[in-house]
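Chemist: Chains as they are written, first to last, in this note's numbering: chain A, 1 to 465; chain B, 1 to 871.
Hints were generated in silico from the structure; no laboratory data involved.
Note that the structure is a prediction, hence the values are computed from the model and not measured.
Virtual Cβ for every residue (Gly too), placed ideally from N, Cα, C.
Please note that a few of the clues may not be correct.
Per the computed footprint, the stretches of chain B lying under chain A, defined by three or more beta-carbons under 8 angstroms from a beta-carbon of chain A, are [what the hints assert, rightly or not]: (1) 565–572; (2) 591–604.
To list a few chain B residues with every Cβ distance to chain A over 10 angstroms, as calculated [said to hold, decoys possible]: (3) 94; (4) 157; (5) 417; (6) 497.
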Amino acid sequence: MRKIVELPPQLAEKIAAGEVVNRPLSVVKELMENSLDAGAASIVAEIRNGGKSLIRITDDGCGIPGDQAETAFLRHATSKIACLADLERVQSLGFRGEALTSIAAVSRLELFTKTREEKAGVLLRMEGGRILEKKPLGTADGTTVIVSDLFFNTPARLKFMKADRAESALIIDLASKLALAYPHVRIRMINNDNVLFSTPGRGDLMTNILTIYGKEIGEGLLPLECRADGFSIRGYVSPPAKSRSSRKNQVFFINGRSVGSKTLERALTEAYRETMFEGRYPVAFLFVDVPAERLDVNIHPAKSEVRFDDEAALEAFAAEAVRGVILAKEAIPSAAVKNPFAFVRPGAPGARDEADGAWAGQDAGAGQDGAWAGQDAGDGAAGGARAGQRAGAGQDGAGTAGYLSGGQVDIIKLLSSKRAEQGTQPPAQADRVMEDAAPVIASAVPVIASAVPIIASAAKQSSPI
Amino acid sequence: MTPIMQQYNEIKDRHKDCILFFRLGDFYEMFFDDAHTASRELEITLTQKSNGNDEKAPMCGVPYHAADGYIARLVEKGYRVAICEQMEDPALTKGIVRREVVQIVTPGTLISQTMLREQENNYLVSVFLEEKKAGLAFCDISTGELYGCETGGAGMEETLLNELVRIKAREVLVNPRVEETGFSDEIRKNSLPCVVPLPAERYHADRAERAVSAHFGATSLKGMGLEEKPALLLALGGLIYYLNETQKRALEHIGRLRIYETGSRMALDKATIRNLELTETLYDQQVKGSLLGVLDRTNTAMGSRKMKQWLREPLNNAPDINRRLDAVACLTDRILLRNNLRELLKGMYDLERLAGRIACGNANGKDLVALRSSMALLPELKAELLSCDAALLRELGGETADLSEAEQLIAAAIREDPPFMLREGGLIREGYSAELDALKHSIVDGQQWIASLEGKERERTGIRNLKVGFNKVFGYYIEVTKSYYDLIPEEYIRKQTLANCERFVTPALKEVESVVLSAETKINQMEYELFTDVRGKLLAFIRDIQTSSAAVAALDALLSFAETAARLSYVRPEVDEGDVILIEKGRHPVIEQSIRGGVFVPNDLWMDCFERSMLLITGPNMAGKSTYMRQTALIVLMAQVGSFVPAERASIGVVDRIYTRIGASDNLTQGQSTFYVEMSELAYILNTATDRSLVVLDEIGRGTSTYDGLSIAWAVAEHLCAGERRVRTLFATHYHELTALEGHVRGLKNLNVDVSEEGGDVVFLHKIVEGSASRSYGIHVAKLAGVPKSLLDTAETRLRGLEQGQAVLEAKSTPSPSSAGENPPRAEQMSFFSFAPNPVVEKLKALDLMEITPSKAFSVLEELKAAAEAE
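Start from the sequences, fold in the hints, and give me the full structure.
Modeler: This is the structure:
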């Protein structure tokens with residue numbers, strides 16, 4: 001049996017580093033968060049080969065005083081918290097005091113930094129955690145960290161990294177999210193000498209969304225802002241007509257921190273339940289703020305998950321807020337289009353007759369709470385939509401326009417007649433309607449769904465969403 | 001001599017200065033000397049042709065369909081090529097076919113796509129030089145642009161040269177005086193290759209008037225602005241004559257003469273265009289690494305050319321500049337608009353050059369389709385532009401013409417995917433010409449008839465394996481195998497016998513055949529005629545196409561400015577007609593992108609025409625002086641072109657000229673030393689700078705002795721600071737002595753590149769600060785450069801000695817073998833304000849007269865006399 005000995009410090013460093021820094025993404029995240037904590041007004045992130053050969057983060061923040069440059073690289077050294085009370089009230093993004101040490105331990109690193117007050121800045125060159133050179137240098141105010149040859153001294157980890165494209169995709173995603181969370185900071189992302197995006201730092205979230213994600217995603221998003229019980233939520237969501245095939249474009253921030261959140265995912269699903277197919281997802285950029293004491297950020301090494309003390313309340317709040325926005329958009333006038341489409345599904349609790357305004361529905365057993373909209377190949381209908389409330393809320397609603405059923409329905413005609421009346425249907429939306437079946441269904445839906453508030457108010461039964 | 005050779009000689013006589021491409025069938029042939037030249041330059045085989053006499057004429061040729069490439073190569077080498085075509089169809093003429101020269105291809109008159117560089121204009125320039133005045137007219141035949149100006153007075157020739165370099169002339173026509181005064185040599189020196197002297201008769205006023213009026217179809221020249229510009233008129237006359245001579249056709253697309261004043265734009269002399277690396281780098285003439293490389297994100301070739309024009313011709317009045325800036329600001333703010341416009345522009349082809357090709361009769365089917373798809377995008381473009389806040393963008397929208405008629409014409413007539421060739425059919429869409437369609441149907445009918453013939457004849461004759469076939473020799477035939485010979489009907493005419501079958505024709509068959517075959521030729525011919533007809537009809541729209549394409553090009557350039565500004569975090573400069581140039585945290589647009597392993601340090605600048613007109617910058621080399629000055633010039637230029645600038649804030653008082661005198665450029669090959677070149681450039685600057693100019697001087701006075709250089713630099717500083725309103729100048733110098741001028745010369749302020757000496761290590765901070773530098777750090781720079789340590793140590797010692805004023809003595813006390821007995825010659829030169837103390841004086845000072853004996857005094861006197869004589 002081998003003797004039990006303490007690991008040599010260098011080796012211990014490498015191992016500990018591996019926890020914090022396990023791929024280029026981690027490096028970029030830590031460095032960019034440092035820049036933000038330093039109060040930067042502008043950050044440039046540049047990578048090559050997915051970050052494996054080069055990562056450069058340049059900021060114009062407060063910089064590090066020359067005599068503290070080396071200390072920064074000591075493990076557990078940080079300027080961001082000093083006592084337990086600080087940790088509980090942590091405002092900054094970084095606080096563990098581990099990032100720089102870990103990064104330096106597994107790469108060749110150059111640090112250029114200068115504070116506003118000092119005349120000269122300092123250059124620190126390190127390799128595998130060892131300081132090779134430290135000298136004064138003329139450089140701009142702020143800090144630049146250049147990380148080359150990541151994992152050059154841990155070949156095993158080197159092999160673990162994915163292809164360039166995969167690694168860069170993660171980094172670009174991170175930079176995008178930071179840019180959204182910090183619209184007052186100019187953030188530029190450069191990949192292999194290509195400027196991918198450069199946000200203007202004017203504080204406008206929509207501009208940033210358009211700059212980063214482009215017209216496809218950004219055009220037509222609905223703004224959202226809502227407060228209750230100490231929660232607040234704001235951001236943009238897509239109108240129900242616009243759906244995507246994955247959750248990729250759902251971006252969540254809790255207290256300014258970009259996180260994954262099953263809670264918010266569920267909230268979205270709930271909000272769009274009547275208006276979007278299963279398997280289709282809305283675009284959403286949501287910023288949720290909760291009281292700091294109720295949020296635990298220290299649960300995940302990469303800080304990408306957080307825990308809230310009352311998930312259910314958060315979910316309900318978010319779903320309600322989003323739903324309010326997407327349903328309000330398709331407010332229809334009370335134009336009484338005669339409803340030729342009666343659909344009565346025998347025996348279903350939500351069954352209605354003509355006079356009330358029918359639920360769109362379909363034969364295929366769709367469950368208790370009103371039928372699902374869907375293609376009904378059988379009778380050639382273009383499909384119907386699932387209308388709002390859970391069936392429990394019985395309605396005696398007034399007739400509203402646009403009912404779809406298993407009968408002979410010509411949605412196109414329906415919508416165009418509605419459009420002719422209203423004159424307010426945005427043309428783009430209508431055009432899209434004409435093109436594709438799915439969006440046809442989806443956009444017909446709000447027509448029905450809008451009936452809900454009218455019905456609900458008429459029935460004076462509001463069930464929580 | 002054979003008639004054909006006679007014809008050749010006749011034509012060649014008229015074009016002695018060109019290489020004559022003589023069309024013979026499918027080839028262009030060259031004879032005699034031309035053949036030798038071509039064979040050598042193009043590396044093709046030299047052969048012979050009988051001349052009619054006993055001798056054979058040397059000959060070489062190229063196939064007609066591949067001629068463009070060969071012509072291009074010859075033109076590239078500076079030759080002019082005359083193209084002589086057959087004007088009649090050989091099949092229809094008796095005797096020799098009539099031939100004529102249809103075009104002379106010269107470097108300045110290229111039209112063919114293969115020979116043009118897409119992103120650059122190709123200018124032909126005509127210069128008319130008189131004693132006091134000069135006229136300059138130039139055009140790009142491929143786009144139809146035509147410009148002219150007249151200039152005179154002091155520095156006239158220099159101004160002309162600057163213009164020629166600025167527009168990158170490809171071919172320059174000159175009047176005899178230009179050769180006589182040696183100005184043509186100057187032109188050639190500035191790497192403008194082709195200078196073509198025209199005879200003096202071409203430059204008569206009435207001839208010029210007639211030529212110009214004829215070209216523009218005007219009865220008089222009133223209203224064209226040429227009344228007060230006789231020199232320009234003559235230059236224009238020469239230009240038009242030459243165009244007619246070489247193109248031999250009407251050039252309607254060269255429709256508008258744009259007269260400009262050399263003073264209506266910010267003037268850039270050729271040194272500045274080169275030194276600031278506006279459109280290409282100094283050392284390897286690449287776009288990447290130049291200002292254009294950073295700014296050019298245009299989507300069309302026309303946009304790229306327009307941006308080059310703008311960079312070489314910045315504006316110099318604030319209202320126009322602000323109009324452009326408003327447009328760029330509008331595009332920067334509205335991302336969706338920017339994206340939309342970019343998508344539209346991506347789909348546009350080079351409208352300008354397409355218009356040129358149509359006007360010159362060169363456009364083919366694909367060109368017309370490209371034109372159509374580009375025109376189709378115009379209405380949407382127009383709508384977007386008209387909805388903008390910025391006035392300039394709305395104006396560009398207004399200039400976009402309605403070309404729906406032309407679009408429909410092409411859509412109706414030309415097929416979607418036509419071939420390149422014009423005479424092989426496949427061009428015209430069905431439905432455009434009833435006659436053509438009928439012909440095509442007749443072919444189809446005929447072919448169907450022939451196809452059904454097989455079935456019919458089999459039935460009729462009972463020959464079950466009767467076949468109908470086709471070959472090139474006999475055409476269509478009916479083939480019957482031996483076994484059925486008895487069933488052959490009478491009307492079959494036997495044509496061919498083979499081993500196991502025989503082939504026959506019938507009159508009916510032959511008739512149909514002739515219809516089908518001749519129809520094909522007729523169709524090709526008719527399609528060609530219809531095509532040229534459509535092309536001709538499009539001429540009516542040329543003007544509209546040109547104005548639209550000019551608008552699109554300008555939009556593309558503005559869009560490119562906006563893109564770059566958004567990506568690289570540029571800021572809108574405040575431009576006014578004042579004097580102040582104020583830049584906060586300015587950056588060098590090219591260097592900040594290319595810097596590696598470090599960070600670019602931004603710097604501020606503040607200057608005006610009064611108290612801070614001359615910024616005297618001292619400090620170590622390699623520490624950022626040149627970068628600072630260049631970035632200032634570039635930022636001012638960018639602002640005046642209408643682009644945003646790399647800074648936190650910038651306020652620019654409009655500048656009418658930027659002069660730069662940077663670097664040591666030897667023109668040794670032309671017998672001019674560095675100093676001479678420097679002095680001549682300096683002379684030009686001092687003679688022509690106004691109080692609205694910006695002058696950038698980097699190290700004046702190198703290349704000559706220290707005293708001379710210093711005196712000249714001193715005088716230059718005083719000269720530029722003389723007067724009520726002073727010339728804004730950035731003056732970097734290695735003469736620290738000049739820093740003493742601050743406070744004595746009004747307007748002069750010292751700046752230096754900050755250096756920090758921490759722990760014996762010298763650190764260049766790259767920061768420009770007020771005040772004068774304390775030292776030059778030359779030795780430190782030498783150390784960084786890798787000069788051997790022993791040499792550096794010696795230098796240090798010498799330096800300390802000089803600083804303490806012991807030049808001569810120190811040198812003598814450390815003898816080196818090679819220099820024993822030599823006087824160190826330069827010791828005197830090095831000191832200025834503080835002289836090395838005179839040893840004689842020192843000795844005298846050291847004498848104690850009270851203690852000295854007379855005889856000792858006499859020997860001391862002897863020593864002193866000897867020492868004094870030795871100096």
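Chemist: None of the hints should be skipped; say for each whether it holds.
Modeler: Here is what the structure says about each hint:
1. Interface restraint, the segment 565–572 of chain B with chain A: holds (4 residues with C-beta to C-beta distance below 8 angstroms; minimum three).
2. Given as covered by chain A, the segment 591–604 of chain B passes the check, having 6 residues with a CB less than 8 angstroms from a CB of that chain where 3 are the minimum.
3. Remark: the non-interface label on residue 94 of chain B is consistent with the geometry, its nearest Cβ contact in chain A lying 66 angstroms away (cut-off 10 angstroms).
4. Non-interface status of residue 157 of chain B relative to chain A is upheld: no Cβ of that chain comes within 10 angstroms, the nearest being about 44 angstroms off.
5. Every C-beta of chain A lies more than 10 angstroms from that of residue 417 of chain B, the closest at about 27 angstroms, which supports listing it as non-interface.
6. With a least beta-carbon separation of about 66 angstroms from chain A, residue 497 of chain B lies farther than 10 angstroms from that chain, consistent with its non-interface assignment.
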